[in-house]
Amino acid sequence: MKSIAELEEIRKKTLEKISLRTNADGIRVVVGMATCGIAAGARPVMNAFVEEINKRSLNNVSVSMTGCIGVCKLEPVVEVIDKDGNKTTYVKMTAEKAARVVVEHIVNGQVCLDLTIGAVEK
Amino acid sequence: MRDLSLHILDIVQNSLKANSTIVKLHIFEKAECNKLGLIIEDNGIGMDSDFLKKVDDPFTTTRTTRKIGLGIPMLKESALKCEGEFNICSEKNIGTKVFATFSIDHIDRLPIGDVGSTMTALITASPDTHFILLAESVKGTFILDTEEIKKTLNGEDGGSEMQNLISINEFAVIQWLKEYINEGLKNIFGGVLNEIDS
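Chains as they are written, first to last, in our numbering: chain A, 1 to 122; chain B, 123 to 320.
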């Protein structure tokens with residue numbers, strides 16, 4: 001049984017590593033979470049991003065959600081915005097593709113061209 | 123929508139877009155009258171009476187990308203198709219309350235689903251919003267209040283030392299919350315309603 005007391009443990013453990021965290025030069029991941037996105041499976045995609053980002057201890061990435069981005073037939077849609085404001089729109093995302101985007105795009109800076117809206121909407 | 127938790131995510135998204143700072147979720151089972159109920163209450167900007175009248179019409183929406191909005195109509199449909207009820211009331215600048223019930227043993231009733239995932243997605247995306255989740259059945263009550271979680275995380279002194287602040291959307295906290303919520307709901311809605319894994 002989970003209890004509130006466990007939070008205290010988590011608090012202590014997290015405090016030790018939290019000083020490293022910065023939000024400067026952050027990359028933002030924005031997941032489209034309107035009715036269309038949710039119905040198409042945006043929730044597992046968002047959770048996959050959060051999980052994968054934590055697994056790789058990335059300190060400058062934030063995950064948030066937004067409403068409908070406008071191309072419902074290509075949902076789930078995820079936008080990755082880098083520190084210079086350049087936006088990449090990934091479409092028809094899945095949890096597996098999310099893991100790939102974290103490794104290739106966010107860690108290594110290589111945009112996954114075949115998953116972007118440009119590649120799909122030809 | 124495949125389950126109730128996805129409907130919740132969808133409706134609460136409306137609340138967040140309406141600048142709500144407090145969102146209350148109430149899920150309850152009334153076994154004696156065979157009803158599962160859901161109430162989502164927020165303190166957002168609300169709707170005027172004209173908009174409220176047509177809000178369950180799919181051809182009404184506040185979004186600007188297109189003229190169709192399905193969040194509220196779909197929840198209504200989900201409730202009505204299993205002989206449930208649907209109601210929504212709202213007041214400008216005070217807030218909105220969405221109310222839906224579902225007949226528990228109706229074949230079309232949606233499972234409750236992964237409420238833990240829904241809550242953690244919402245908290246990750248909007249850590250400053252005060253979420254209250256209340257689950258009730260004959261087996262007991264489960265309450266999750268994000269303000270209390272934040273207090274616990276920041277220590278008894280309320281986090282007066284700045285470097286002692288732990289955000290609620292820290293991964294370890296989020297993961298704990300998800301398990302805590304799903305375990306809590308399993309205890310409350312176990313048995314027929316225990317469909318978290320579906």
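Bear in mind the hints are in silico, worked out from the structure with no lab data behind them. Yeah, the Cβ is synthetic: ideal placement off N, Cα and C, and Gly gets one too. You may find that some hints are simply not true.
As the list claims (entries may be wrong) - Restraint ranges, calculated between C-beta atoms of paired labels, are given here: (1) A:56 to B:188: 35 to 45 Å; (2) A:2 to B:143: 38 to 48 Å; (3) A:104 to B:230: 17 to 27 Å; (4) A:99 to B:263: 32 to 42 Å; (5) B:190 to A:1: 12 to 22 Å; (6) A:8 to B:203: 39 to 49 Å; (7) B:250 to A:6: 17 to 27 Å; (8) B:215 to A:119: 37 to 47 Å.
Query raised in the report: Looking at the structure, which of the earlier hints fail to hold?
Result: When the structure is compared with the hints, numbers 2, 3 and 5 turn out to be violated.
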